[in-house]
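Chains A and B, in that order, give the protein sequences.
For the first sequence, the residue numbers in the numbering used here are 6 to 119.
For the second sequence, the residue numbers in the numbering used here are 138 to 250.
Please note that the accuracy of each hint is not assured.
[Said to hold, decoys possible] Among the chain B residues that face chain A by a calculated CB cut under 10 angstroms, a handful are:
no., residue
1, L180
2, F202
3, A230
[As the list claims (entries may be wrong)] Listed next, the stretches of chain B that the computed footprint assigns to chain A, with coverage defined by at least 3 CB atoms under 8 angstroms from CB atoms of chain A:
no., region
4, 181-187
5, 234-245
Because the hints were derived from the structure by calculation, they are not lab data.
No residue lacks a Cβ here, since even glycine has one placed at the ideal position from N, Cα and C.
Residues per chain, in single letters:
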Amino acid sequence: AQTVTQSQPEMSVQEAETVTLSCTYDTSESDYYLFWYKQPPSRQMILVIRQEAYKQQNATENRFSVNFQKAAKSFSLKISDSQLGDAAMYFCAYLTNTGNQFYFGTGTSLTVIP
Amino acid sequence: NAGVMQNPRHLVRRRGQEARLRCSPMKGHSHVYWYRQLPEEGLKFMVYLQKENIIDESGMPKERFSAEFPKEGPSILRIQQVVRGDSAAYFCASSPPNEYEQYFGPGTRLTVT
Chain A
6 AQTVTQSQPE MSVQEAETVT LSCTYDTSES DYYLFWYKQP PSRQMILVIR QEAYKQQNAT
66 ENRFSVNFQK AAKSFSLKIS DSQLGDAAMY FCAYLTNTGN QFYFGTGTSL TVIP
Chain B
138 NAGVMQNPRH LVRRRGQEAR LRCSPMKGHS HVYWYRQLPE EGLKFMVYLQ KENIIDESGM
198 PKERFSAEFP KEGPSILRIQ QVVRGDSAAY FCASSPPNEY EQYFGPGTRL TVT
């Protein structure tokens with residue numbers, strides 16, 4: 006079965022600085038999808054960024070970018086120019102190539118310091 | 138196009154009662170997924186349904202839990218004889234046919250007292 010590991014339970018960053026959240030995964034599939042979700046105190050799951058494994062180019066969405074290393078099975082999230090509204094739990098997630106189910110990491114709690 | 142809707146948002150049940158959680162997928166979405174999030178954990182897959190069919194229930198507990206997605210109406214996750222360990226947030230997601238991305242609802246927070 007696929008597993009997703011987030012080794013940083015908590016991280017903090019100064020406002021306007023850059024922070025990187027780590028994620029590694031284990032799979033025997035060659036085709037799959039990777040996601041970062043943000044979960045604020047409201048508990049709504051908000052999609053931050055996604056990456057298709059067959060694409061070599063790293064995904065970017067405004068201040069959010071990923072470093073996808075397929076051979077190393079690593080998928081880190083970089084948040085640039087951190088804002089107070091970025092404070093939340095961040096979950097890394099793996100989706101099978103059949104799209105049937107997500108596998109989530111245990112999350113990283115991000116604090117943004119004013 | 139309204140997003141995935143879940144109700145109730147909060148549900149309190151006493152031990153031994155039944156809990157019914159409802160999920161209305163986005164318009165045009167025929168695939169529904171249920172996930173459970175225990176405190177301090179990530180979401181865990183429970184079941185994947187299409188209209189009138191259970192496709193994958195590998196994450197569902199063997200007893201007391203059931204799910205359905207009828208031809209008409211919302212998907213229902215039913216938990217019979219709830220216990221304190223069932224207290225969690227339950228999320229529903231939906232996707233259209235032939236697309237991989239799942240769209241999450243706001244979740245139902247179940248508290249068993």
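Structure-based check of each hint:
1. Restraint check, L180(B) versus chain A: the minimum CB separation of about 5 angstroms is within 10 angstroms; hint holds.
2. A distance limit of 10 angstroms between C-beta atoms decides the matter here; for F202(B) the minimum to chain A is near 16 angstroms, and the interface restraint is violated.
3. Against a cut-off of 10 angstroms between C-beta atoms, the interface hint on A230(B) holds, since the closest Cβ of chain A lies about 8 angstroms away.
4. Under a criterion of three residues with beta carbons nearer than 8 angstroms to beta carbons of chain A, the stated coverage of the region 181-187 of chain B is upheld, 3 such residues being counted.
5. Only when three residues or more bring their CB closer than 8 angstroms to a CB of chain A does the claim for the region 234-245 of chain B stand; here the count is 7, and the claim holds.
Comparing the model with each earlier hint shows a violation of hint 2 alone; every other hint is respected.
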